[in-house]
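Listed in order, the protein sequences are those of chains S and D. Position one of the first sequence corresponds to residue 0 (numbering that gives the first Met the number 0), numbered consecutively onward. Position one of the second sequence corresponds to residue 0 (numbering that gives the first Met the number 0), numbered consecutively onward.
Just so you know, these hints were derived from the structure itself, not from any lab. Do not rely on the hints blindly, as some may be mistaken.
Stretches of chain S that chain D covers, calculated by requiring three or more beta carbons in the stretch to come under 8 Å of a beta carbon on chain D [claimed, not checked]:
1. 61-68
2. 131-139
3. 165-171
4. 251-259
With a cut-off of at most 25 Å between alpha-carbon atoms, the simulated DSS-like pairs for lysine-lysine come out as follows [to be verified]:
5. K74(D) - K253(S)
6. K74(D) - K217(S)
7. K290(S) - K79(S)
8. K92(D) - K74(D)
9. K217(D) - K275(S)
From the three backbone atoms N, C-alpha and C, an ideal C-beta is built for every residue, glycine too.
There are 2 protein chains.
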Amino acid sequence: MSKTVSIALDAMSGDLGPASVIPAAREMLVAHPQLRLILVGDEDVLKQHLDGYRNSRLSLQHASEVVAMDESPAKVLRLKKDSSMRVAINLVKSGEAAACVSAGNTGALMATARFVLKMLPNIDRPAIITALPSIEGRTFVLDLGANVDCSAEHLLQFGVMGSERVEAAEGIAAPRVGLLNIGEEDTKGNEQVKQAHQLLSASHLNYIGFVEGNDVYKGGVDVVVSDGFVGNVALKTAEGVAKMISHNLKAAFKANLYGRLAALVALPVLKNFRRKIDPRRYNGASLLGLKGIVVKSHGGADALAFANAIGVAMREVEHNVPNRIAQRVAGHLSGESKL
Amino acid sequence: MSKTVSIALDAMSGDLGPASVIPAAREMLVAHPQLRLILVGDEDVLKQHLDGYRNSRLSLQHASEVVAMDESPAKVLRLKKDSSMRVAINLVKSGEAAACVSAGNTGALMATARFVLKMLPNIDRPAIITALPSIEGRTFVLDLGANVDCSAEHLLQFGVMGSERVEAAEGIAAPRVGLLNIGEEDTKGNEQVKQAHQLLSASHLNYIGFVEGNDVYKGGVDVVVSDGFVGNVALKTAEGVAKMISHNLKAAFKANLYGRLAALVALPVLKNFRRKIDPRRYNGASLLGLKGIVVKSHGGADALAFANAIGVAMREVEHNVPNRIAQRVAGHLSGESKL
Numbered sequence: 000m001s002k003t004v005s006i007a008l009d010a011m012s013g014d015l016g017p018a019s020v021i022p023a024a025r026e027m028l029v030a031h032p033q034l035r036l037i038l039v040g041d042e043d044v045l046k047q048h049l050d051g052y053r054n055s056r057l058s059l060q061h062a063s064e065v066v067a068m069d070e071s072p073a074k075v076l077r078l079k080k081d082s083s084m085r086v087a088i089n090l091v092k093s094g095e096a097a098a099c100v101s102a103g104n105t106g107a108l109m110a111t112a113r114f115v116l117k118m119l120p121n122i123d124r125p126a127i128i129t130a131l132p133s134i135e136g137r138t139f140v141l142d143l144g145a146n147v148d149c150s151a152e153h154l155l156q157f158g159v160m161g162s163e164r165v166e167a168a169e170g171i172a173a174p175r176v177g178l179l180n181i182g183e184e185d186t187k188g189n190e191q192v193k194q195a196h197q198l199l200s201a202s203h204l205n206y207i208g209f210v211e212g213n214d215v216y217k218g219g220v221d222v223v224v225s226d227g228f229v230g231n232v233a234l235k236t237a238e239g240v241a242k243m244i245s246h247n248l249k250a251a252f253k254a255n256l257y258g259r260l261a262a263l264v265a266l267p268v269l270k271n272f273r274r275k276i277d278p279r280r281y282n283g284a285s286l287l288g289l290k291g292i293v294v295k296s297h298g299g300a301d302a303l304a305f306a307n308a309i310g311v312a313m314r315e316v317e318h319n320v321p322n323r324i325a326q327r328v329a330g331h332l333s334g335e336s337k338l
Numbered sequence: 000m001s002k003t004v005s006i007a008l009d010a011m012s013g014d015l016g017p018a019s020v021i022p023a024a025r026e027m028l029v030a031h032p033q034l035r036l037i038l039v040g041d042e043d044v045l046k047q048h049l050d051g052y053r054n055s056r057l058s059l060q061h062a063s064e065v066v067a068m069d070e071s072p073a074k075v076l077r078l079k080k081d082s083s084m085r086v087a088i089n090l091v092k093s094g095e096a097a098a099c100v101s102a103g104n105t106g107a108l109m110a111t112a113r114f115v116l117k118m119l120p121n122i123d124r125p126a127i128i129t130a131l132p133s134i135e136g137r138t139f140v141l142d143l144g145a146n147v148d149c150s151a152e153h154l155l156q157f158g159v160m161g162s163e164r165v166e167a168a169e170g171i172a173a174p175r176v177g178l179l180n181i182g183e184e185d186t187k188g189n190e191q192v193k194q195a196h197q198l199l200s201a202s203h204l205n206y207i208g209f210v211e212g213n214d215v216y217k218g219g220v221d222v223v224v225s226d227g228f229v230g231n232v233a234l235k236t237a238e239g240v241a242k243m244i245s246h247n248l249k250a251a252f253k254a255n256l257y258g259r260l261a262a263l264v265a266l267p268v269l270k271n272f273r274r275k276i277d278p279r280r281y282n283g284a285s286l287l288g289l290k291g292i293v294v295k296s297h298g299g300a301d302a303l304a305f306a307n308a309i310g311v312a313m314r315e316v317e318h319n320v321p322n323r324i325a326q327r328v329a330g331h332l333s334g335e336s337k338l
């Protein structure tokens, strides 16, 4: 029998709040007998949403406040000490939960997690990593927006953390690490990228060199390292393209009577296609580099998407990701093995 | 009757060379009676590809060399003085052609164009702009890779040039200009972006503030300004997503017998859909900021795509884009009107 995994859920944040978190929690409890969940939020509101549902592996933890999506991280840190987000992270700090999941404000989540849990030794900044679909399977990309203006050393740290995360939690031995650039030649790119290329080449990682934006979706690389500004733009661009394509596909099938009839015939095929690239199946971005597991769900996540984020947290707990990163970092980034 | 438009075509560069340039030229000559084309390249090779075809509006200009896709711009500038690329640009300089189109090496094209044609007053660097499909219609994005490490002033120049290009050649009055960032709040972004936001806000442009990667494809903005590194990653990412989606769509329709039958029914609909997002219809990126018109075609362009790039060059000639940019820049970027 596998060991119990306890996860704290910030049940109040995100566009849907408990309306997506609670159905996700119920579904995951049924699917995973080793899972224990702690719903964090306003007890009255949560009880209303639970509507009589009880499960011995589900408990509530009251928190009187909620972090708004547009609140500044600094203000949240100073003033919202009893928010569902902060209390969920506190449960990780105290050891009552092995991980937490929140669909709240990324900046506030990052700042609070960093303040409460602290960074691992030799890691300067947390990085956000997520899986994206590729023709081959999945590609993991970091950083996705936690850090703008990264130095070459930061990019190296992202490479080490990303590689270890993917090796540990996805079971991919010696993941192929690529550095996002605007060409594959050594002369391309800005200064940080050129320097990071040197550092990564000299590291013990399975570094395959520069990759371009299209390689994320083509495959051939497991971990793509990027500064948070570029990574975030790439992620949002991809969302935009996918939406535009899906909009045009729908429009084509609605353009005339023939299209509408063809849509009926094609429906099962299109459903199968959509399932494969459904962004909800890729929901759940981890904050790496902290002394604890924190997973960020998309703010607009529905129950299926939020359940996926809980799955990401479970996988990181089961594979002890922060400890593995700490050990790897000790080997890679400290002392002479760096070069 | 409209005035004759002469365009020089670098007929040797790109993956297909004359095999895509010559059919594109023939098609465009038929479609546009005011068009005159000069094919630049090895005369023997070109004559072979022309295979007896003659047109009084088509002439040849011999050039003995070809720039390879991976040659360094500095080396090309120094050593390849009789390349089809250089000779085509020379024809613009001498006034024999009003524009040139090349599918060659972007770095070499940029460096050669800058060296031969020179920059417009008050513009530091050329920028690459292209149209991308959006749910609304089209969005123009610049810079797409000519410049990494841009200052806030460069981003302002891109905004002014992009706005003028779109207003002049696309007939969109007061185009909506957005600055690519990782959020819409003023606190988001790196230093250059924050400073550029101030400059753009104080300019006479129709500046709508920060936009995110998804807005390029959603619409609501006509000109998206970005540093070349970020813009190039966004462009390549979009290409990757579109390919992955199209791969998955094909796979879904090939998965089983039902899918294959459904594909037959859905074929006309899917064709219509594909036409809408066909990247060949968006081929042709302009190099803005030069004293002359240079259009870069995708290296892998086929005849349809190359013809589209010729169309972009024609539009810029007809609307006198470099002069209009020069005038606008004089108003915007010099003297007190900047702030």
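Hint check results:
Residues of the segment 61-68 of chain S with a Cβ under 8 Å from some Cβ of chain D number 0, which does not satisfy the need for three, so the listed coverage is violated. Residue count for the segment 131-139 of chain S with a Cβ under 8 Å from a Cβ of chain D: 3. That meets the three needed, and the coverage hint holds. Residues of the segment 165-171 of chain S with a Cβ under 8 Å from some Cβ of chain D number 0, which does not satisfy the need for three, so the listed coverage is violated. Note: the segment 251-259 of chain S has 5 residues with beta-carbon separation from chain D under 8 Å; the three-residue rule is met and the coverage holds.
Distance check on the hinted pair: K74(D) and K253(S) sit about 54 Å apart at the alpha-carbon level, beyond 25 Å; violated. As the CA atoms of K74(D) and K217(S) are separated by approximately 32 Å, the hinted pair breaks the 25 Å bound. For the proposed pair K290(S) and K79(S), the alpha carbon gap of about 22 Å is at most 25 Å, so the pair holds. Straight-line distance between C-alpha atoms of K92(D) and K74(D) comes to about 21 Å, which keeps the hinted pair within the 25 Å bound.
Annotation: proposed proximity of K217(D) to K275(S) holds, straight-line Cα distance about 22 Å (limit 25 Å).
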